[in-house]
Amino acid sequence: MPKIAGGLDSGPELVDVHQHLWPRALIDALLARTAAPRLTVGDGDGTDGWTLHLPGEPPYAVRAADHDVTARQALEAGTSLALVSLSSPLGIEDLAPDAAAPLLAAWHEGAARLPAPFGAWAAVTRLEPDLAELKDLLAAGFAGLQVPATWLATPAALERLAPVLEVCERAERPVLVHPGPVPARDATDRRNPADLPGWWAAVVDYPAQLQAAWWAWHAAGRTLLPGLRMGFVAGAGLAPAQHERLQARGGSLGPVDAGVFVETSSYGPQAVDALVRALGIDGVVLGSDRPYGLPGDVRPTMGTAAALAIETTNPRRFLQGGTP
Amino acid sequence: MTTSRNPADIDLAALPGRELDRDELVELVRAVAARPELWDKHVRYDDEHRHYVRLHRDAHAEVWLLCWTPSNDTGWHDHDVSAGAVVVVRGAVVEHNLAIGSDCLRTVVPAGHSYSFGPDHIHRMTGEAAGSVTIHAYSPPLWRMGQYAISSTSVLRRTSVSYADELRPTEEPFPDDQARLRDALI
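So the protein sequences, as listed, match chains F and V. The opening position of the first sequence corresponds to residue 1 in my numbering, with each subsequent residue numbered one higher. The opening position of the second sequence corresponds to residue 325 in my numbering, with each subsequent residue numbered one higher.
The following block holds chain V by itself, in its conformation from the complex (with noise of 0.2 angstroms):
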């Protein structure tokens, strides 16, 4: 694509007072990541409890600091309207992708790597490396989501509610229905 902003503009000293496209979302991710002072002395673990931190919100981008056990997993989900980027910070998270006939896409992203996604993404993330820490940006920032199970009958459900429940959830393990999907064949 074509720009004329500048990237190094991407930054939260100077966000552009607008929402942000996904290259700008990587750009901002990135940014962040290389200033650990906002964020190293935020990082701890909890297998039970995936350990988040919001480290910004305004009207038009949000941007979080996660923390991942092997144990952390999102369960499958969207972000309704806004996209994302994700940069892997230390150790390693898998990306896991929902496909048509086939078995789940599963990808390794380690340390140093970052991708985008735009609103039609669904995803799962689950941690890989014990110590895996990750930067997570999302324009517009975060409303509501969508969350993903399989019925009893097979069938695809999506359940609209906070974004807190992606950040915050308060059932783990997921309950039977997500379990289900979890390495469903669709």
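Chain F with its partners taken away, still in its complex shape (with noise of 0.2 angstroms):
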């Protein structure tokens, strides 16, 4: 795994801050699990692959290939760095200590062992989260934390986390805020039916997840953490083009925070014109969400100053800092 603190190369590169790599061991932890997150085999297709279960989202066919690092690496030809993260949406931060354990070592060890151009970010349990596991993760290697967004829903949530994210800040490491789990639903309650298309988590809930996470973050977030470099996967919901919303209602946005990133996975030209229009050029950073989504290219609409800006040192700013 790259070693971030040894600095990226300084030339043209490309780093996708946003990818989803399972390793061997994770696969076989959520396997031997009977109760969700689990995984079983088969993906529903009849071809090799399984089936993630998870209590708010409908069954979900993972192809192997996916998670099959050969692959994986041969589609980052390109790539100087993609760092992957635990998939927050199955709940494993979220699990009794005891339960997180076993799959976030196999998380940690895994994702330690993964080839160039992969790189990781480190992940703890929300009940017992190991301060100094966190800190020895970041020293060997890891790009940051992945905190899940639902832990950052209001500005009160977001202080019980400070202790946490303050590991990363005296680390002068990156924070990646990711969607978090969503509900069970439960197809008796016409409120929260479990007859959803399939996107719907992913266009409904994650993004609101990520606008409270960003409204969080800039109602207490900055003051509690001056020196935190944090990023948004997603766009953070778009939250950043509702400025508008928050200065008519009371609140005041102030100077765009340079230590403050947003990702552009899933979202097209006109998101991220939306993104840039709303906190410049210097605030977006190319995340791809592989395999559930490709990287973007913003060359045909913004140009190659605006791709080099995304592409290149904005996501060196993020990890290793630095000033626009």
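By construction, these hints were calculated from the structure, which means they are not laboratory data. Keep in mind that a hint or two might mislead.
What the hints assert, rightly or not - With the Cβ distance kept under 7 angstroms, some of the chain F side facing chain V (calculated, not the full set):
1) Pro59
2) Pro197
3) Gly251
4) Leu253
5) Val256
6) Gly280
Claimed, not checked - Here are some of the chain V residues that sit facing chain F, going by a computed Cβ distance under 8 angstroms:
7) Asp370
8) His380
9) Ala383
10) Pro465
11) Thr477
12) Arg481
13) Val485
From the three backbone atoms N, C-alpha and C, an ideal C-beta is built for every residue, glycine too.
Fit chain to chain and form the complex, with the hints in mind.
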């Protein structure tokens, strides 16, 4: 795994801050579980693979090739660094600590052994975060910490998480906010039906979680953690574009925070343009969310200088610090 | 124009929380220029890539420091929906404007002078004196811009790109089409 602390090369490079790749040990640990989150053998299509079972989402077919390291490496021919993370919507970090422990151990041990260009985000449990282990993981080369957006749903929740985030601040490593699990749905509950379209969680629940986390950070984060670099995947659910509403309803945006970043996965030129209009070009970083998404290319609509900023210079600043 | 605002209010520390007009943008760049502690530490020069630092951006305005050598050249561009103002703090820069039927206009702007422009403005800036420094303000903040070039059949073209292309061009010297426009008679 590349050592972020040692510094990325200074030349042109492509950095993807948001991918998922499950090490074999994590897959085995999920297969061994009898309660969600868990995997079962077979993806429903008669091919090799697995089915992912979560309380709040329909069964999801997982292709074996999507988590085959060699196959995934082959997709990253032009990538200098691709950071993979534990899939927070699985809810592993929210499990009881003894249930989470073998899964997190499988994640960290497997992720640490991934070959270039892969690097990884560390993870902790919500109930008993091991701050000493987190510090060691960051020192060992993990890029930073990923946290579920559901842990930052309000300013008070963010305050409770501050001791964990402080470990990253002291280590000068960033935090990546990723959607968390969605509540279990009940087929008999008309307010929360189970028969929603397959894209519902990704289009409705995840952006709502990310928007709450963005505004919780705006309200309380920077005051608590003046030096922390924060990144929000999926454009923070386009929360930055809500700033006029903030001002109209008694809030104040203030200067753009050079230590806060949004990532572009599953969005296209219109949303990226909106993010750039709200935040400027310096706060936008490339993320693909592979294997669930593909990296976008802003060159056709924004030009080569914007692409260089989003793919190279901004991710470098997100991961390593510096000023725009 | 008439206005009830207090000019002293137009400063980075107390922006009015709305978009600024051209006069206010001039006041802003002059106020920032008068506070070298905000920008002096960022001054450095590079013949190949203009050196720039963003001093401020909020929902309504953006302020940049730019450092110029005689080799630095923005190419022809506009700022889409943004108005802007420039004050020359050190040295001198050249403001170029396209004109139909005559040579392009060329105006040397020395230290101490400032000017403003609306979103309808098309220009090109080049360094004149070694060691030149300018402060720029835009409102609303920069978003998109137009880059201008002349095709091989002498047709003027505009390409819409991110504002990153004004401050952080990746291709210098200019592509052939822009080179044709630099000294063109239109």
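Hints and how they fare:
Hint status for proline 59/F relative to chain V: violated, with the closest Cβ pair at about 41 angstroms, above 7 angstroms. Annotation: interface hint on proline 197/F violated; nearest CB of chain V at approximately 34 angstroms, more than 7 angstroms. For glycine 251/F, the interface hint is violated, since its Cβ never comes within 7 angstroms of a Cβ in chain V; the closest pair sits about 11 angstroms apart. Among the interface hints, the one on leucine 253/F holds; its C-beta lies about 5 angstroms from the nearest C-beta in chain V, closer than the 7 angstroms criterion.
Given hint, valine 256/F at the interface with chain V, holds; its Cβ is 4 angstroms from that chain's nearest Cβ, closer than 7 angstroms. Because the smallest distance between the Cβ of glycine 280/F and any Cβ of chain V comes to about 5 angstroms, under 7 angstroms, the interface hint for this residue holds. For aspartate 370/V, the interface hint is violated, the least distance from its beta-carbon to any beta-carbon of chain F being 15 angstroms, above 8 angstroms. Residue-level restraint check for histidine 380/V holds (minimum Cβ-Cβ distance to chain F is 6 angstroms; threshold 8 angstroms).
Interface restraint check: alanine 383/V against chain F, minimum CB-CB distance 5 angstroms, threshold 8 angstroms, status holds. Because the smallest distance between the Cβ of proline 465/V and any Cβ of chain F comes to about 6 angstroms, under 8 angstroms, the interface hint for this residue holds. Of the supplied interface hints, the one on threonine 477/V is violated, with its beta-carbon coming no nearer than about 23 angstroms to a beta-carbon of chain F, more than 8 angstroms. Given the 8 angstroms rule on beta carbons, the hint for arginine 481/V is violated: about 14 angstroms separates it from the nearest Cβ of chain F.
This hint holds: valine 485/V has a C-beta 3 angstroms from the nearest C-beta of chain F, less than the 8 angstroms allowed.
The structure does not agree with the numbered hints 1, 2, 3, 7, 11, 12 stated previously, though it agrees with the rest.
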